[in-house]
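Chains as they are written, first to last, in the numbering used here: chain H, 1 to 431; chain Y, 1 to 253; chain L, 1 to 552.
Everything labelled a hint here was simulated from the structure, so no lab data went into it.
What you are looking at is a predicted structure, and each value in this text was computed from that prediction instead of being measured.
Note that beta-carbon positions come from the ideal geometry of N, C-alpha and C, so glycine has one too.
One thing to keep in mind: the hints can contain errors.
[As the list claims (entries may be wrong)] Here are a few chain Y residues that face chain L, going by a calculated C-beta distance under 8 Å: (1) Ala56; (2) Tyr73; (3) Gly76; (4) Ala97; (5) Phe240; (6) Ile243; (7) Ile246.
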Amino acid sequence: MGENLNSVLVIGGGIAGIQSSLDLANRGLKVELVEKKPCIGGRMAQLDKTFPTNDCSMCILAPKLAECFRHPNITLHTLSEIIDVSGEIGNFNVKVLKHPRYIKEDVCINCGICVEKCPMRVDDEFDVYLRKRRAIYIYYLQGVPSIMAIDPEKCLYLTKEACRICEKVCEREAIDFEQKDNEIDLKVSSIIVATGYDQFDPSVIPTLGYHRIQNIVTGLEFERLICASGPFQGHLTRLSDHNVVKKLAFINCVGSRDIKHNPYCSSVCCMYTTKEAMVAYEHDNEIQSFVFYIDLRAGGKGFQKYLKRGEEDYGINYIKGKVANIIEDENKNPIIIYEDINDLKVKKLAVDFVVLATTMIPKEDAPQLAKILEIELDQYNFFKGDPYSPLESSREGIYLCGACRGPMDIPNSVIDASGAAGIAAEAAVRR
Amino acid sequence: MSFKPKILGFLCNWCSYAGADLAGVSRIQYPPNIRVVRVMCSGRVDPLFVFDGLLAGLDGVIIMGCHPGDCHYIDGNYEEKNKTDLLIKALEKISLADRFRLEWVSASEGVRYAQIVSEFTEQIKNVGPSPLSGDNPNSKLKEDVEAMKRAFGDIRLRTLVGVERRVTESGNEYNLKIPLERYEGELKDALQSEFIRNKIMIKLEQEPLSVKDLSKLLEIEPSEILQHIVTLKAKNLVDFDRIDEITPYYSAL
Amino acid sequence: MEEEIRVGVFICHCGTNIGGFLDISALVEYTDTLSNVVFTQENMYTCSEVGLTQIKENIKEHNLNRVVVASCTPRTHEPLFRETCREAGLNPYLFEMANIRDQCSWVHMKETEEATEKAKDLIKMAVAKASRLRPLENYQVEINQSGLIIGGGIAGMTAALNLANQGFKVILIEKEPELGGLVRFLNKIYPTHENASKILEIRELIKSHSKIKIITSAVPIKVDGFIGNYTVSIKKRNEIYDINTGIIIVATGAQPLKPIGLFMYNGTSIINQLELEQRLKEGKVNAQNIIMIQCVGSRIEERKYCSNICCMIAIKNAMLIKELNPDVNLIILFRDIQTQGVIYEAYYRKAREQGIVFIKYNPEKPPVVKKHTIEVYNEYLNQNMNIPYDLVVLSTPLIANEDAEELAKMLKVPLDENHFFLEAHVKLRPVDFATDGIFVCGSAHWPVDIPESIIQGYAAASRASTILSKDILEVEGAIAKVNKELCVGCGICIKICPYNAITKDEEGLAEIMEAVCKGCGLCGATCPEKAITNLHFTTEQIISQIFACGGR
């Protein structure tokens, strides 16, 4: 077969990056998987359940994480980022900057004693700032690699040369404050970009009351609230008074299809608001949910069936109409003011809790990465692919997959990822 | 000394065992009464294991698998549910149903795992020590459990359960789909007759008995006993032993 | 099994994680009393270099032929310890773990006495099972490193070219006399209005590729075998011949519904989108008042799904017509506009800016096509409208091919309720079938457009290449085995296996295809004759665990 064991660089350890890596590794190629965070898993690890099957996100992700970690052909570089790329297809030279974890990776057994003793409380990014973690932490409980990391911006020792309690209590002597940034040089035949997305911040739409009204959250925050391993252990309660939620509203297209913010459609919100309403109902079958939409976009496999189930079995009320304004009454109940297209009337609906389905936007550092890779972005900063072969970027040998090239759901991200692996494999083997 | 239940748990590798591990990682505390047997899929758990567990003197048995639709082996948990549905009916007949449970626990439900174990332990505490445990196990109940175990080990019930999903969902060899309710009715009848038949067999293995004897021992109408004897004789499992005056005695072969 | 069972047990402190809660010396003392245990040792960290070395040394020194480690969870550490056993010359399947940390010391921190008692039971159970473990070998399956692709449309061709470029031999079979699928009938494609013929240029690459063999006017009629070793009989005109292949990719596409009986369809003044494409290709669209109706034959009781691409197709054709003739009145009657994402939403916006009118209709009050007008209830204006037309274009869904069912039966793969092929898992394995070695891509799986078909073609090829790249596939040894003395050939196991891993041999008895079995255990638990053994989780082993912890 003439197997030249070329390497492929995969940037991003979310579901797309992981799937690409596994396909390439199982194909016999070597993979350098570079992930910015201390653990792989990406957004999918933050979700509770996923449509259209409503299966537990972590349950289906975990085996892939474990496989990735153990695969002899995959080298995992966590806490790492790309700082330079030169060369061409078949022969790229990549410089990777690996940030220190301050933990000896083959010694830490994730026993958790250090976390218990660390005095610093830090906003937990994985739980979308809904709870606090410590300065020494594991990114999330089921994270892979299951090794601690120290946040250099919050650690008392690394910022003020005080404390060092973790070092004292670690029986394995796994703490190593001497670790420094490390540059690694890699030679790869092709590169796959799988860096994912960020969430649009709806506080720039003041009429929708985000951050002004306590009982309004974004879709991702809702996922963490309803997740069994999240800050409330899956018991949904109002943020203002911790009362139960009986009336729940979902607003689609927050920031999307909106010329003032993001003119494009975020693809997945119609499906995920239905999913979140279903999950809320499963937790409490007295919950009544309302979904405000412009068009109900459900063209994927099994999607129409899913929406119908939502309507018939879970009692979800779908209201076609844009929401103009959300205000609050004296009990901190959000009141939604909207136009009901069915009878062209402006109406009010008081609810207990509101979820804003915000746009999937490109990662903030996408332009920076695009510059390093010398590939084009579209006008919104998504990585730009060829219109008829969307996985191919503007530079030969660099391929795109997943939400970094446009809003997309998990099934499509996985297909994308396998597709990109196919093209990368072709590139690796032919050279 | 207060009763400390001993509970046997079958956990599937991909979901419930992972959920139990997560409870551990999260340090969620629960009572120490459960003893876990790890299997790859809840579908591996033959109902016979549950009977073995009860006969071994365990106070409760619980099977935990993936939520429907999440099974790592696609539909292993659906098959397991069919088996346990029949098992529960069997245990109800012999008043042991409150010592058994089937639950779905996913890999991210550490809290739920701990909750279920706590609840089930509490349930078993309330039900009390198993009558099959200790130095003086209840012999009548033991016979009943033996009879049920044989019924579940025999070809008739295993076949009926094995084809249930296919026959009620897609159709049998003649492309006829049997409505679930009707099938469950057939299954219930088969369960009852296999149970009685095996109880009769156990008695006849101990000593030769007449229909009247059996009717008194098992508290079942003589006509029903006779029907079963006829079937068992046709299958060459029992035969005449002797005739006392006009009363025939049968024994197991 | 005649040899003496010699079990070595290693009890881990895991620092204070276990040692701080359980009475390790009591556990060691207890373990020494268990039958078959010839050696017991406690370690600080069994998984450390030191701990692993101790395991290896003690296996050799004490002639251990079974190893039990009482520590954390097998889900993370079993592979490591198995490898350690292998390095010491012991078959890796002769190893068992007792989880006395994640499921004991960590969760019973305030009941340490009872936790220690529980740990004793767990160790006893592990020793009982270990004593009954048998050495197992991983199976080697030879792989035929070539692929067969059924369907020569854009998805199939993309997959074929990718696999061939990766160096694998590919046979591409196509039902029609020429390659290209539905794209042959298209005029221009969205989003850039490129000529459809440009997409078909891939045909030249395929025809000239040395590793691709094309067989047109051919259909499969029989499929035998398993992953890496399929034999597919195909029929071309009157000839039948066999193809041996390692993997199969299904890329048979779909057909646009002909809306006969719907909305007064007549094929002349009331046509479907494919017919419009043909007319546009020939330059024969002269109508001045065109109305398009969406969701014709889809999202209805008889066909509940949304075909995903019809909105974009309608908008594309509308825009093309408007470009040629800006004065044409173009109205699209829709229920929901499916233009997800960045590019498609912008396309929709552009269409509106071009003056195409979009009117929402309610499925409960569908448009009524009359002789010269369409009556529709406009949801936005809350009033009935009568719109004149000289051409009506009905947007119909892609429906599954009529022969999909036959092909599905041949391959023993499932179809969903709409007769599209059903993948193994909609998220984890979207282009795989549960049956190993068979894949699906393109509209055979679900209605998709050209860019998506191309992506799926690459994806299926990539998945297939993970198998084709190996000349030997190693399969885990913990699978099922049939005792042919007990099997009566009832076939229940065959139908119940989620992976179609069981077939009938020449005598009609069940036979497990080792390459395909995943070791789930369903067959063993179901077999009426109890003729199936599930290796490494045998009934004997499980019962020994039950009796080890039972009794009081």
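Quick rundown of the hints versus the structure:
About 3 Å separates the beta-carbon of Ala56(Y) from the nearest beta-carbon of chain L, less than 8 Å, and the hint is met. With a cut of 8 Å, the hint placing Tyr73(Y) at the interface with chain L holds, because the nearest CB-to-CB distance is about 4 Å. The restraint placing Gly76(Y) at the interface with chain L holds, with a minimum CB-CB distance near 5 Å, inside the 8 Å limit. At its closest, the beta carbon of Ala97(Y) sits 19 Å from a beta carbon of chain L; the interface hint therefore is violated under the 8 Å criterion.
Hint on Phe240(Y) is violated. Least Cβ distance to chain L is approximately 29 Å, over the 8 Å limit. For Ile243(Y), the shortest C-beta to C-beta distance to chain L is roughly 36 Å, which exceeds 8 Å, and the interface hint is violated. Checking Ile246(Y) against chain L by beta carbon gives a least distance of about 40 Å; that is not within 8 Å, so the hint is violated.
Against the hints set out earlier in the document, violations occur for numbers 4, 5, 6 and 7.
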